[in-house]
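*Asks:* Sequence:
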Amino acid sequence: MILDLKEKKATRQSYGEALVELGKSRDDIVVLDADLSTATKTKLFAKEFPQRFFDIGIAEQDMMSTAAGFATCNKIPYASTFAVFAAGRAYDQIRNSICYPNLNVKICVTHSGITVGEDGATHQMLEDISLMRTLPNMTVMCTSDDTQTKWAVKEITKIKGPVYLRLSRYETPIIYDENTKFEIGKAIEIGEGTDATIIATGDVVAEAIKAQQELKQQGIKVRVLDIHTIKPIDTEAIIRAAKETKKIVTIEDHNIIGGLGSSVCEVLAENYPTKVIRMGINDVFGKSGTAEELMKYFKITAEDIIKQII
Numbered sequence: 001m002i003l004d005l006k007e008k009k010a011t012r013q014s015y016g017e018a019l020v021e022l023g024k025s026r027d028d029i030v031v032l033d034a035d036l037s038t039a040t041k042t043k044l045f046a047k048e049f050p051q052r053f054f055d056i057g058i059a060e061q062d063m064m065s066t067a068a069g070f071a072t073c074n075k076i077p078y079a080s081t082f083a084v085f086a087a088g089r090a091y092d093q094i095r096n097s098i099c100y101p102n103l104n105v106k107i108c109v110t111h112s113g114i115t116v117g118e119d120g121a122t123h124q125m126l127e128d129i130s131l132m133r134t135l136p137n138m139t140v141m142c143t144s145d146d147t148q149t150k151w152a153v154k155e156i157t158k159i160k161g162p163v164y165l166r167l168s169r170y171e172t173p174i175i176y177d178e179n180t181k182f183e184i185g186k187a188i189e190i191g192e193g194t195d196a197t198i199i200a201t202g203d204v205v206a207e208a209i210k211a212q213q214e215l216k217q218q219g220i221k222v223r224v225l226d227i228h229t230i231k232p233i234d235t236e237a238i239i240r241a242a243k244e245t246k247k248i249v250t251i252e253d254h255n256i257i258g259g260l261g262s263s264v265c266e267v268l269a270e271n272y273p274t275k276v277i278r279m280g281i282n283d284v285f286g287k288s289g290t291a292e293e294l295m296k297y298f299k300i301t302a303e304d305i306i307k308q309i310i
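Position 155 of the sequence shown, counted from 1, bears residue number 155 in this note's numbering, the numbering being contiguous throughout.
Since the hints were derived computationally from the structure, they do not count as laboratory data. Hints may be right or wrong, so weigh each one.
[Stated by the list, open to error] Computed cross-link-like contacts, DSS-like style, restricted to lysine-lysine with a CA-CA straight-line distance of at most 25 Å:
no., residue 1, residue 2
1, K6, K24
2, K246, K216
3, K221, K181
4, K24, K150
5, K216, K150
6, K287, K247
7, K6, K231
8, K6, K47
9, K307, K243
10, K221, K307
11, K9, K181
12, K160, K8
13, K221, K246
14, K275, K287
15, K287, K243
16, K299, K247
17, K154, K8
18, K24, K47
19, K6, K247
20, K6, K181
21, K158, K43
22, K246, K6
23, K150, K47
24, K75, K231
25, K210, K158
26, K221, K299
All chains should be modelled from the sequences, with the hints used to inform the complete structure.
*Replies:* If you want it as structure tokens, here you go:
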């Protein structure tokens, strides 16, 4: 299941490639973008299916309302832009025009988290998981690699209702092979360690696995939970990890308030009270720098996970 982590690809690229394959098999798929198709990789779909691609321009709020309209006509719209412009600028339209009527719109965003890099704090969306998971009817997903992303892009067509799929600009290691079985709402459990559990999502799952591998060399047995679905979250896997391991650490490329760490704490507070160490962006805005520099600065690397567990 787990590969060597040497081959890398950005999940935004995986998204673009998966859209093309999805478009070949289903003619009810339409794709909308907000003047960022080169960056979000929806240009791949636009090239193959120009009559089903709509560039709404720099008008993200209009894009969400238009996507809602398509959904009322039995189309499945995939609305794409940067995370900061979707969850932030178009929040009102997502809430009232998509989630309230429970319309079948797939909001697929790229350039999330501090790994956006040099674009800086204005473009580094660190609050979107928090905003989206509190909306009724919304499914929230954050994929970790190429294989998982391509599965998710196709799988969410089976969900009747809004989906928020969070993708990355950063090139992350390919973790899973093509035979890996995924299920919406079910974590991927990697290893059976009992010393600690690292619960991760998105582009830092690979960091969690690297930490797991290094800790194994030191005689510390750790399991990793890849939480690709943050809502609905896999309560069973989280509770089992709390019962079977000595320490719980969550890590995310997101504000520690309202994101994965908060979701895990909510589950455990109600079912199996457990101390949780939350790693992520500690309630501050981002900075400008390379993705690698910022991951080190905000302490969300494998090395930082190892320090916490030891």
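*Asks:* If a hint holds in the structure, say so; if it doesn't, say that too.
*Replies:* Going through the hints against the structure:
no. : hint        : result
1   : K6 / K24    : violated, 30 Å
2   : K246 / K216 : holds, 15 Å
3   : K221 / K181 : holds, 24 Å
4   : K24 / K150  : holds, 14 Å
5   : K216 / K150 : violated, 30 Å
6   : K287 / K247 : violated, 31 Å
7   : K6 / K231   : violated, 30 Å
8   : K6 / K47    : violated, 30 Å
9   : K307 / K243 : holds, 22 Å
10  : K221 / K307 : holds, 14 Å
11  : K9 / K181   : holds, 20 Å
12  : K160 / K8   : violated, 32 Å
13  : K221 / K246 : holds, 10 Å
14  : K275 / K287 : violated, 30 Å
15  : K287 / K243 : violated, 38 Å
16  : K299 / K247 : holds, 19 Å
17  : K154 / K8   : holds, 21 Å
18  : K24 / K47   : holds, 12 Å
19  : K6 / K247   : violated, 28 Å
20  : K6 / K181   : holds, 21 Å
21  : K158 / K43  : holds, 24 Å
22  : K246 / K6   : violated, 30 Å
23  : K150 / K47  : holds, 19 Å
24  : K75 / K231  : holds, 24 Å
25  : K210 / K158 : violated, 33 Å
26  : K221 / K299 : holds, 22 Å
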